[in-house]
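Protein chains in written order, with my numbering: chain A, 548 to 680; chain B, 11 to 259.
A few of these clues could be false.
What the hints assert, rightly or not - Which residues of chain B face chain A? A few of them, derived with a C-beta cut under 7 angstroms, are:
id	residue
1	L17
2	R22
3	Q28
4	P95
5	S124
6	P128
7	A143
8	D150
As the list claims (entries may be wrong) - No farther apart than 16 angstroms at their CA atoms in a straight line, the calculated lysine to aspartate or glutamate pairs in the EDC-like style are these:
id	chain 1	residue 1	chain 2	residue 2
9	A	K577	A	E565
10	A	K577	B	D21
11	A	K649	A	E662
12	A	K580	A	D556
13	A	K577	A	D556
14	B	K34	B	E152
15	A	K580	B	D19
16	A	K549	B	D19
17	A	K549	B	D27
18	B	K34	A	E612
19	A	K577	A	E554
20	A	K649	B	D118
21	A	K577	B	D19
22	A	K580	A	E554
23	B	K34	B	D150
24	B	K34	B	D175
25	A	K549	A	E603
26	A	K549	B	D21
The set of hints was computed from the structure by calculation and includes no laboratory data. Yeah, the Cβ is synthetic: ideal placement off N, Cα and C, and Gly gets one too.
Take a look at the letters that make up each chain.
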Amino acid sequence: MKFLCVECDQQMAFAQRELPGDGTLAATFKCPKCGRVVAMLTNPMETQLVSSLGVEIGGRTVPAEPFEMLRANVVTGGPAWSGDAQERLARVPSFVRGMVKKIYADYARERGITEITPAIMDNARSELGLEGM
Amino acid sequence: MRTYHQLTDPDRSGLLDQIGAQRKRVAERLAGVRRIVTVMSGKGGVGKSYVTAHLARALARGGWGVGVLDADLNGPTIPGLLQAPPTAQPPAVGLDGVKCISMGQFLDAGAPLSFTGPAAESFVWRGAMEASALREFLGDVEWGTLDVLLVDLPPGMQRYIELCDILGNPPAVLTVTIPTPESRDAVRRAMRAAVDRGSELLGIVENMVGREFVGTAAQDLAEEFATPVLARIPWHPTPETWSQLAAQL
Numbered sequence: 548m549k550f551l552c553v554e555c556d557q558q559m560a561f562a563q564r565e566l567p568g569d570g571t572l573a574a575t576f577k578c579p580k581c582g583r584v585v586a587m588l589t590n591p592m593e594t595q596l597v598s599s600l601g602v603e604i605g606g607r608t609v610p611a612e613p614f615e616m617l618r619a620n621v622v623t624g625g626p627a628w629s630g631d632a633q634e635r636l637a638r639v640p641s642f643v644r645g646m647v648k649k650i651y652a653d654y655a656r657e658r659g660i661t662e663i664t665p666a667i668m669d670n671a672r673s674e675l676g677l678e679g680m
Numbered sequence: 011m012r013t014y015h016q017l018t019d020p021d022r023s024g025l026l027d028q029i030g031a032q033r034k035r036v037a038e039r040l041a042g043v044r045r046i047v048t049v050m051s052g053k054g055g056v057g058k059s060y061v062t063a064h065l066a067r068a069l070a071r072g073g074w075g076v077g078v079l080d081a082d083l084n085g086p087t088i089p090g091l092l093q094a095p096p097t098a099q100p101p102a103v104g105l106d107g108v109k110c111i112s113m114g115q116f117l118d119a120g121a122p123l124s125f126t127g128p129a130a131e132s133f134v135w136r137g138a139m140e141a142s143a144l145r146e147f148l149g150d151v152e153w154g155t156l157d158v159l160l161v162d163l164p165p166g167m168q169r170y171i172e173l174c175d176i177l178g179n180p181p182a183v184l185t186v187t188i189p190t191p192e193s194r195d196a197v198r199r200a201m202r203a204a205v206d207r208g209s210e211l212l213g214i215v216e217n218m219v220g221r222e223f224v225g226t227a228a229q230d231l232a233e234e235f236a237t238p239v240l241a242r243i244p245w246h247p248t249p250e251t252w253s254q255l256a257a258q259l
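All chains should be modelled from the sequences, with the hints used to inform the complete structure.
What follows is the structure in structure tokens.
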């Protein structure tokens, strides 16, 4: 997508990007000759489509992190799990792992905890009487 | 008024460059992978994931470095078949040392794949989101050195086409069917699409042979596409069954 200042016959340059937080995007472009500024406003669906491609209007300012798109966009029902906590959860027998995970997630959610760590798991076991999980 | 291609000033967004960087990341990550093989049928319920997992294990037992990419984003089963534990940083390592990546590692147990974003008209962007997920599976997993990366495709051809686009080169294809004429007719379309894209057909695996499923799908397709029938897998295969299949790849 490019913008042309028809009057000056000049390609307009990207100037600024704003993400108001309501799913929309505002990007401004400026004519390098006459200084005219136009704004491109996208609705949430259009914004999501661009986001889905893993690209950023205005260019990247930091390198892409591994699984950046997935971690940002896949809906999970609970708090994040630290690597150590995931390793510990993996040692729980598979036939009860889902139930155990839910117990810890509910514990964290009720207390406003955003990341489950081994320490949080220890606290939950102690408070909820879950020895062995 | 000038048109798009006549505007050649540097573009700060560099969207095409960003896409190019994504492709480069995939190519660099897969540089240590000797061969990519997609397991496909174009049809559901023929046992692609089952064949993929057991073939991967047999290859690994034979000394190969093997990875499995579970491209069935909406119905991931590979971690379960390989008994691969969730890990903070994929790949997970399952039975016989097979490495794997799957959407199952990102989802809560029993939860469907759902993305944040506007719910209305989500079909507009969901396909792009799934293609990006596939790209991240290919570009963000530190596979290390692999002799083969098996890609377990979902039913249909969409994910295969996305894979071709992301890789730049069509991957080799291992086809799975069951013996019935209905399966043959559905799988034929998938094989035709693969040939049209330029994929090498490695051969056909006929799964669930015997009992209720009667037919000659594998033989029919083998003759039509001039590709071998690599294995006929019975309902209760043994490790030897899979080893014999692995030996043919």
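**Given pair status - E662/A, K649/A, alpha carbons within 16 angstroms** = Given that 16 angstroms is the threshold and the Cα spacing comes to 14 angstroms, the pair holds.
**Request:** Given the hint that K577/A pairs with E565/A, test it: the Cα-Cα distance must not exceed 16 angstroms.
**Result:** holds (15 angstroms)
**Prompt:** Given the proposed pairing of K577/A with E554/A, does the C-alpha separation stay at or below 16 angstroms?
**Reply:** Distance of about 13 angstroms is within 16 angstroms: holds.
**P128/B as chain A interface residue, shortest Cβ-Cβ below 7 angstroms** = holds (4 angstroms)
**Given hint D21/B paired with K577/A - CA-CA distance at most 16 angstroms** = holds (12 angstroms)
**Asked** Has the given pair, K580/A with E554/A, been kept, meaning a C-alpha gap of at most 16 angstroms?
**Response** holds (10 angstroms)
**Prompt:** Quick one, is the R22/B hint okay against chain A at 7 angstroms, beta carbons?
**Reply:** holds (4 angstroms)
**Asked** At a threshold of 7 angstroms, is the proposed contact between D150/B and chain A supported by beta-carbon distances?
**Response** holds (4 angstroms)
**Item:** Agreement of hint S124/B with chain A interface, Cβ distance less than 7 angstroms
**Value:** holds (4 angstroms)
**chain A contact restraint for A143/B - C-beta distance below 7 angstroms** = holds (6 angstroms)
**Asked** Is K577/A within 16 angstroms of D556/A, Cα to Cα?
**Response** holds (13 angstroms)
**Item:** Proposed proximity, D21/B with K549/A (alpha carbon, max 16 angstroms)
**Value:** holds (8 angstroms)
The structure shown violates none of the earlier numbered hints.
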